[in-house]
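Guided by the hints, dock chain L onto chain B, whose structure is given.
Protein sequences, first through last, are from chains B and L.
Using my numbering, the first residue of the first sequence is number 363, and each one after it goes up by one.
Using my numbering, the first residue of the second sequence is number 78, and each one after it goes up by one.
Treat the hints with caution; some may be incorrect.
[Said to hold, decoys possible] Straight-line C-alpha distance at most 25 Å; calculated BS3-like pairs for lysine-lysine: (1) LYS285/L to LYS441/B; (2) LYS160/L to LYS313/L; (3) LYS381/B to LYS397/B; (4) LYS410/L to LYS400/L; (5) LYS441/B to LYS218/L; (6) LYS285/L to LYS111/L; (7) LYS218/L to LYS285/L; (8) LYS441/B to LYS313/L; (9) LYS410/L to LYS441/B; (10) LYS176/L to LYS441/B; (11) LYS173/L to LYS220/L.
Read the hints as simulated data drawn from the structure, not as lab findings.
All values derive from a computational prediction rather than experimental measurement.
What follows is each chain in one-letter form.
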Amino acid sequence: MRTDIVTLSMNDTFGGGLKTMAEQRIRSLPVVDDKGIYRGTFDLFDIWEILLPRAALLEENSVPDLSFLSGSRELLVEKLNEAGPRPISEFLDDDKTSIIHPDAPVEEAILLLYRRSTPLPVVDRKNRKLRGVITAWEILQLLRA
Amino acid sequence: MHETAVPQVIFGWNAAWFASIVFAVVYVLIIAEKMNRAIVALLGAGLMILGGLITQEAAIRGIDFNTIGLLLGMMVIVGVTGKSGVFQYLAVWSAKKVKARPAGVLIMLSLVTAVLSALLDNVTTVLLIVPVTLLITEELKVKPYPFLVSEILFSNIGGTATLVGDPPNIMIGSAVGFTFNDFILHAAPAAVVVMVVSLPLVYLIWRKELVTSESARNRVMNFHEREAITDPRLLKQSLLVLTLVTLGFILAHTLHLQPATIAMFGAAALLLLDNYRHGSEEQTRRVHHAFAEAEWVTLMFFAGLFMLVHGLEAAGVIHAMAKQLLEATGGDKTTTVLSILWGSAILSSFVDNIPFVATMIPLIENLAPTFGGEEGLRPLWWALSLGACLGGNGSLIGASANLVVAGLADRAGQPVGFLPFLKSAFLLMILSIAISHVYIYFRYL
Chain B
363 MRTDIVTLSM NDTFGGGLKT MAEQRIRSLP VVDDKGIYRG TFDLFDIWEI LLPRAALLEE
423 NSVPDLSFLS GSRELLVEKL NEAGPRPISE FLDDDKTSII HPDAPVEEAI LLLYRRSTPL
483 PVVDRKNRKL RGVITAWEIL QLLRA
Chain L
78 MHETAVPQVI FGWNAAWFAS IVFAVVYVLI IAEKMNRAIV ALLGAGLMIL GGLITQEAAI
138 RGIDFNTIGL LLGMMVIVGV TGKSGVFQYL AVWSAKKVKA RPAGVLIMLS LVTAVLSALL
198 DNVTTVLLIV PVTLLITEEL KVKPYPFLVS EILFSNIGGT ATLVGDPPNI MIGSAVGFTF
258 NDFILHAAPA AVVVMVVSLP LVYLIWRKEL VTSESARNRV MNFHEREAIT DPRLLKQSLL
318 VLTLVTLGFI LAHTLHLQPA TIAMFGAAAL LLLDNYRHGS EEQTRRVHHA FAEAEWVTLM
378 FFAGLFMLVH GLEAAGVIHA MAKQLLEATG GDKTTTVLSI LWGSAILSSF VDNIPFVATM
438 IPLIENLAPT FGGEEGLRPL WWALSLGACL GGNGSLIGAS ANLVVAGLAD RAGQPVGFLP
498 FLKSAFLLMI LSIAISHVYI YFRYL
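This is chain B alone, in the form it adopts within the complex:
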């Protein structure tokens, strides 16, 4: 488990999260409140969702591919700028990011990474405090040692 992690606070905005993510080259950022309690994760998927046309996110009735679009950088930049001031809390209500407890078996961590390959926040079972994250590299290192 890594404990030297970059986190976001509940006062951050989408734009702030995006800046941290791009500058630090991190795919996902756990969000904690001022008491250190884990509130959710802001990750690359949140950014892709802002950028993609809504019609591509309709699950089974989505537009199946976007190969016919004109590829407008201008529109995409506009979408990012529009989302910029939105509070980070708007992006935390999904249950897509799994968490793991400190006492969970390694198989559970592998299963969660298999389902959605982003670092796993390790959250205390009782007080919901963020302890650190587990990445795929730590698991590989553990198994190779």
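Just chain L now, kept in the frame of chain B:
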């Protein structure tokens, strides 16, 4: 219509009462929408058999397999065709034809929806056209609301025009033996007039929202619609089968074929063309997928309703209802026809039109002796068809296609509310029925 001896007393009730109560409870549960409609209809059908009103054999004879086969066949054909990307192509192509001007796009997408809905099932049409509409409006940076509402309206208007366009027409056509051409000659003219009158109104209602920038229009003009065709081979095969099936419908009467035969044969032929190159395991997977995509809930709902109405008929309830209708209209043909038109329209606005039409069919058949046999009933059938199909536009719950669009819009974060829809759509629906009133009056009465 009493084909089996009907017990006079069931669980201490008279047969007609028992059937009426089951029917009324089923109707209320369907309207309440708290429970899946297929479950409700099949339970009701089961009670008719368990109560001894009809035998299992009679119940199965009551199911109109021509309606079910036609729906299933068309669902499979459209599902397979949709994979080729042709509907995205068509929507983008039509938007570019009007230089991506929002007002033009609104009119073009409404017309495309109407034409597709006339040839295909409404629900499938909107499922295919709404996602690409959301995409185009997002690129144009205009609100999708007017476009989605207009697509609901025109899918129901387009569906009114043909035998295969809307379930009420499929049911009426099948029960009475009206052909594809009968609908083109009798229902389509009214639908075309309604369309021509509604298009400018739709534009007038929403014209203020149809504004965009030059750069947004350029984005859509730079779409490469050809890239939307993901499987050119499947596209050719699908269009060939769809053309042959439509020709089959037109020639059905001459060929002595029922529409279900044509649709199911077309579905099987398209599945053959799409699968023969694959190994048997892959074929099983693909065919399973094609059939699974059909709307089985709707099909089972139909089967249940047909059996339920058959039970009601066996108990003599339909006959009694027909008598009541005649008493209310004084046996006057004009009054009866126009009451059916307006009554069906208002009811279909708020109640699923499928159970309503399923009940009205045997009821109208019961009126044959009064109005001079089968020939005399024709205006009543057209009144039922126009009323039930166009009535679907009265509210957001008036037809399945409306709910499908509302569901997709909701998921895309662009909800279509019940009341805002009602405000514009109900008036347009009343106008369409007024047009049908004039049409029926001058043509048939």
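Right, here's what the structure says about each hint:
no. : hint                 : in the structure
1   : LYS285/L to LYS441/B : holds (24 Å)
2   : LYS160/L to LYS313/L : holds (12 Å)
3   : LYS381/B to LYS397/B : holds (24 Å)
4   : LYS410/L to LYS400/L : holds (14 Å)
5   : LYS441/B to LYS218/L : holds (11 Å)
6   : LYS285/L to LYS111/L : violated (38 Å)
7   : LYS218/L to LYS285/L : holds (14 Å)
8   : LYS441/B to LYS313/L : violated (38 Å)
9   : LYS410/L to LYS441/B : violated (61 Å)
10  : LYS176/L to LYS441/B : holds (24 Å)
11  : LYS173/L to LYS220/L : holds (18 Å)
Checked against the numbered hints above, the structure breaks hints 6, 8 and 9 and satisfies the rest.
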